[in-house]
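4 protein chains.
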Amino acid sequence: MSIGRTLWAIPEGFIPSQSLKDADRPLVSHEAACILNAGDTEAHIEIRLYFVDREPAGPYRVSVGARRTLHLRFNELMDPEPVPLDTDYASVFTSDAPIVVQHTRLDSRRSEIALMTTIAYSA
Amino acid sequence: MSIGRTLWAIPEGFIPSQSLKDADRPLVSHEAACILNAGDTEAHIEIRLYFVDREPAGPYRVSVGARRTLHLRFNELMDPEPVPLDTDYASVFTSDAPIVVQHTRLDSRRSEIALMTTIAYSA
Amino acid sequence: MSIGRTLWAIPEGFIPSQSLKDADRPLVSHEAACILNAGDTEAHIEIRLYFVDREPAGPYRVSVGARRTLHLRFNELMDPEPVPLDTDYASVFTSDAPIVVQHTRLDSRRSEIALMTTIAYSA
Amino acid sequence: MSIGRTLWAIPEGFIPSQSLKDADRPLVSHEAACILNAGDTEAHIEIRLYFVDREPAGPYRVSVGARRTLHLRFNELMDPEPVPLDTDYASVFTSDAPIVVQHTRLDSRRSEIALMTTIAYSA
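Chains R, H, U and E, in that order, give the protein sequences. Read in order, the letters of the first sequence correspond to residues 757 to 879 in the working numbering. Read in order, the letters of the second sequence correspond to residues 757 to 879 in the working numbering. Read in order, the letters of the third sequence correspond to residues 757 to 879 in the working numbering. Read in order, the letters of the fourth sequence correspond to residues 757 to 879 in the working numbering.
Calculated directly from the structure, the hints in this document are not laboratory data. Among the hints, a few may not be true.
Unchecked claim - Quick partial rundown of chain R residues pointing at chain U, CB under 10 Å, derived from the structure: (1) Val-808; (2) Glu-868; (3) Met-872; (4) Thr-873; (5) Ile-875.
Don't be surprised by glycine CBs; every beta carbon is placed ideally from N, CA and C.
Please model the complete structure; the sequences and the hints are all you need to start from.
Structure follows, in structure tokens:
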């Protein structure tokens with residue numbers, strides 16, 4: 757089983773600093789890249805972040821094992837630098853094995869949650 | 757009329773265990789794969805679920821008749837094992853006839869509902 | 757300017773019968789297919805609806821003028837038959853000129869609204 | 757690094773005139789096109805808006821620098837004319853360099869927010 761591509765982009769990115777006060781982890785505002793590696797070799801992925809008015813950040817490096825998924829929260833990317841909050845960004849993923857990437861945001865700035873998702877763009 | 761592909765992936769998957777207390781079935785938190793078989797032969801579909809830290813589950817087997825749609829809720833997949841709640845997963849669909857797959861989540865963990873959808877990734 | 761395809765599918769479809777009590781038209785629960793015809797000839801479109809347990813309905817016929825958009829609400833399709841409420845369905849669009857189709861649902865069954873959207877699947 | 761296409765379409769467009777009364781800028785109702793230019797040359801982009809019952813508006817012109825992103829709010833497009841509120845529209849983007857476009861709406865007409873997003877259609 758092999759499905760996917762090795763180059764993906766998500767133009768939308770924004771991590772609000774506000775969140776539900778009583779939220780446990782699943783309900784904390786977050787932006788995620790859900791990555792599927794359905795193949796039989798580990799995928800080594802580099803992520804670069806693009807901004808409005810500065811040069812890109814990264815590469816951030818993550819690995820997804822063979823036949824595994826990783827639901828990566830952007831606010832947990834720390835090395836080489838944390839993702840700034842309340843700031844527009846975009847992201848590009850390059851992998852050495854085919855993956856599929858889906859973008860999801862859960863927003864709990866108000867008392868209720870809002871959700872959005874899309875399959876990322878692959879080239 | 758034939759439209760679609762035979763291999764589809766949805767990297768995002770998460771079924772919250774919480775839900776609206778007074779919800780009837782349409783408003784219970786659920787994650788669905790809406791499958792369309794617009795062709796003239798029944799589609800036999802195998803679904804495999806991928807996780808963060810274990811080998812895949814499945815195959816789950818569903819059929820969609822010729823010129824029919826099936827709005828499959830992941831929490832109704834029981835054989836060979838139920839889909840774990842509050843757990844990140846991803847899914848891959850293989851079919852013996854062309855289908856189109858759309859991913860939808862309705863989330864009613866808070867008092868209001870949130871919705872998200874995307875056409876799945878096809879290879 | 758010509759952009760798009762002539763065959764599109766939306767596997768997800770569900771029009772809730774409930775809605776905000778005080779809603780004016782923009783906030784009434786609805787499911788829409790936003791159609792763009794950026795070309796220089798009128799597009800004649802046939803829509804077929806697919807169900808879980810009966811043969812397809814349609815064709816419904818709509819036209820979108822050259823260089824025009826139509827944000828079609830499924831609950832306004834009446835001929836040859838209205839779209840049933842609280843019922844899972846899917847839709848296929850065939851056009852004699854290239855179009856682009858985007859699926860959107862606004863849901864106001866609870867006191868707040870929920871939104872979802874995706875570009876439809878094109879073949 | 758080069759990723760993307762030079763022609764993009766978003767059939768859905770609607771800017772509600774209502775919004776949260778106490779909203780600061782991130783929570784004001786808006787419809788955005790998030791544009792990523794991951795390449796090494798500035799992208800010059802023309803945007804045309806399509807309507808239900810009149811000829812298209814534009815071109816609006818924006819630029820996105822090399823290795824930059826722009827999260828463009830449609831309600832900030834002013835030249836040659838502002839985007840009408842409470843009006844259905846669609847949009848087409850043409851660029852002289854590869855870009856990726858993602859459509860997002862944040863809706864705060866009610867007291868809570870709703871979100872939706874999709875990668876735009878590329879030809």
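Each hint, compared with the structure:
1. Val-808: violated, 24 Å
2. Glu-868: holds, 6 Å
3. Met-872: holds, 8 Å
4. Thr-873: Hint on Thr-873 (chain R): holds, closest Cβ of chain U at ~8 Å, below 10 Å.
5. Ile-875: For Ile-875 (chain R), the interface hint holds, since the closest Cβ of chain U sits about 8 Å away, which is under 10 Å.
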